[in-house]
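Just so you know, the protein sequences line up as chains C and P, in that order. Using the working numbering, the first residue of the first sequence is number 1, and each one after it goes up by one. Using the working numbering, the first residue of the second sequence is number 446, and each one after it goes up by one.
Hints were generated in silico from the structure; no laboratory data involved. Hints should not be assumed to be uniformly reliable.
What the hints assert, rightly or not - Cross-link-like lysine to aspartate or glutamate pairs, in silico, DMTMM-like; alpha carbons within 25 Å at most: (1) K451/P to D498/P; (2) K273/C to E259/C; (3) K451/P to E479/P; (4) K451/P to D270/C; (5) K451/P to E259/C; (6) K451/P to D35/C; (7) K451/P to E2/C.
As the list claims (entries may be wrong) - Rough simulated footprint, nothing fancy, chain C against chain P, three-plus residues with beta-carbon under 8 Å: (8) 459-473; (9) 488-501.
Note that beta-carbon positions come from the ideal geometry of N, C-alpha and C, so glycine has one too.
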Amino acid sequence: MELFELTAVGAAQAIRRREVSPVELLEALLRRMEDVEPAIQAWETVDRDGALAAAIRCQQELGNVGVGPLHGVPVGIKDIIYTAGLRTTSGSPIFQDFVPAYDATAVARLRSAGAVILGKTVTVQFAHVDPPRTRNPWNIDRTPGGSSSGSAAAVAARTVPAALGTQTGGSVLRPASYCGTVGLKPTYGRISRYGVTPNSWSLDHVGVLTRSVEDAALLLQAMAGRDHLDPASSDAPTADYLEAARRRERTPRLGLVPEFLERAQPEVSDHIKGVAALFERSGARLREVHLPFPFPDLLAIRSVISQVEIADVHASLLREHPEGYLPRIRASVEVGQLIPGAAYIHAQRLRRRLRPLMERMLQGVDCLLMPTVSNVAPDPGTTGDASFQAVWSLFGFPSITLPSGLSAERLPLGTQLAALPHREDNLLSTAAWCEQTLGPMPSPG
Amino acid sequence: MLNRSKEEIARDLVAQATRTWGTDRVDALRGQIEETADWLSAVGSHRLEIDGDEPDFLVDPAAGREAQ
């Protein structure tokens, strides 16, 4: 196995056992980047010097008592998440030279766990929807999705074992599905958003993109927990996510949501039915669970909330620097300012009233099962369809995507699971069982 | 907004956009306006009765961070 193939867990173990050094691993990833990055363009800023210094420090610290669970493991950071001393552009020329003075809490916690910050991955501008320059490692004539485009492409192309993303609609799970990686969006507030450029405050989540469920659990474990700097961060107790991801023996109870299948392209729908049948043959108990509200109206609620919030985030800056905004986010911010306040309140009231009904969908099942995206990766003029992921962003439920096969065009297909809020343990153990049942997935070239 | 058609809402948004952003911008905003009018019509089609027991989402604007 090439060093760049190592997962985060595999790398951490190999480093602790001194089978590979942090510097060797970093250098292997940088060489891999030289080979593939010109075509894929996943990285905004690669911090070679900073990462090397961190890797050398990690090497020297090996043998110390209490090295962290990510000791020496390189991680990529989506470029709307602050990294102290490292340029953070949010994808806009307005912030081309902005260097934060502090780390986002999520980044600080990764560093405390021993992670090496390799650099900043390309983000769609302000984490919205204008297409980025990044391409899909499976086919460079296809989008990697967005807005965590660079993180998904970098992990899929194996230039880094794991990367952070954010999701307001579908921006972790969609690119993860299009690029054939695992993508985890935890419960709203589970990971602090302090030091993250906001998109929509009541919808923004920090998530992770990895090549295994175990890796997603490892990163979540390092970052989860109350942060007094983010008032919306949850004070619910954290669980042992890594232990949950290793607990694969219990066959899950799954709720297949037909409204997603009805809206998916035929190839995707047929694929998920096949995945569900495989799970059932392997011992999972399956039943149909229906959405309690019309699917289009759930999306409309989220969109009204999101558009008003993003309008408020950007109104002043857009007025001062219209040239720094791409067409779609500019249009969203301008039209968002025209939405009546009463409409926003109405959407929030509907959201609050619907949440218990959505929770009731999970009665008697461990997770809900559905496609991650309605389609396979489309052309690079779009970041794709967020509708299937956005429902879980709206209600703050934890969700995960697993690569589950390839389409007829050899593009990745993803299977999505969602669980009750703060039941990431349930989500991860179910996902781990599903991952094991699906078997190994291919990689892009 | 409540019980208004998408077309009515879109007309209002076009008028507001013209006043706010100018005629030159309205053409660039038509697609977003159509989409937004669709969302607003859908949201407005769901009437909510006054309920003394309704949780106040403004206390927690995240509307999703509730005790388990």
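Chain C covers the stretch 459-473 of chain P, three or more CB atoms within 8 Å, holds or violated | holds (count 6)
With a C-beta cutoff of 8 Å, work out whether three or more residues of the stretch 488-501 of chain P approach chain C closely enough for the coverage to hold.
-> holds (count 7)
Take the C-alpha atoms of K451/P and E259/C, compute the straight-line distance between them, and say whether it is at most 25 Å.
-> 24 Å, holds
Holds or violated: K451/P to D35/C, with C-alpha atoms at most 25 Å apart | Violated, at roughly 51 Å.
Within a Cα-Cα threshold of 25 Å, do K273/C and E259/C meet the stated pairing?
-> Holds. K273/C to E259/C sits at ~13 Å (cutoff 25 Å).
Is K451/P close enough to E479/P, meaning Cα to Cα at most 25 Å?
-> Holds. K451/P to E479/P sits at ~8 Å (cutoff 25 Å).
Agreement of K451/P and D498/P with the hint, judged by alpha carbon distance not exceeding 25 Å = At roughly 31 Å apart (the allowed maximum being 25 Å), D498/P and K451/P break the hint.
Would the pair K451/P and D270/C pass a check requiring their Cα atoms to be no farther apart than 25 Å?
-> Violated, at roughly 34 Å.
Please work out if K451/P and E2/C have their alpha carbons no farther apart than 25 Å.
-> Distance of about 56 Å is beyond 25 Å: violated.
In summary, the numbered hints that this structure violates are 1, 4, 6 and 7.
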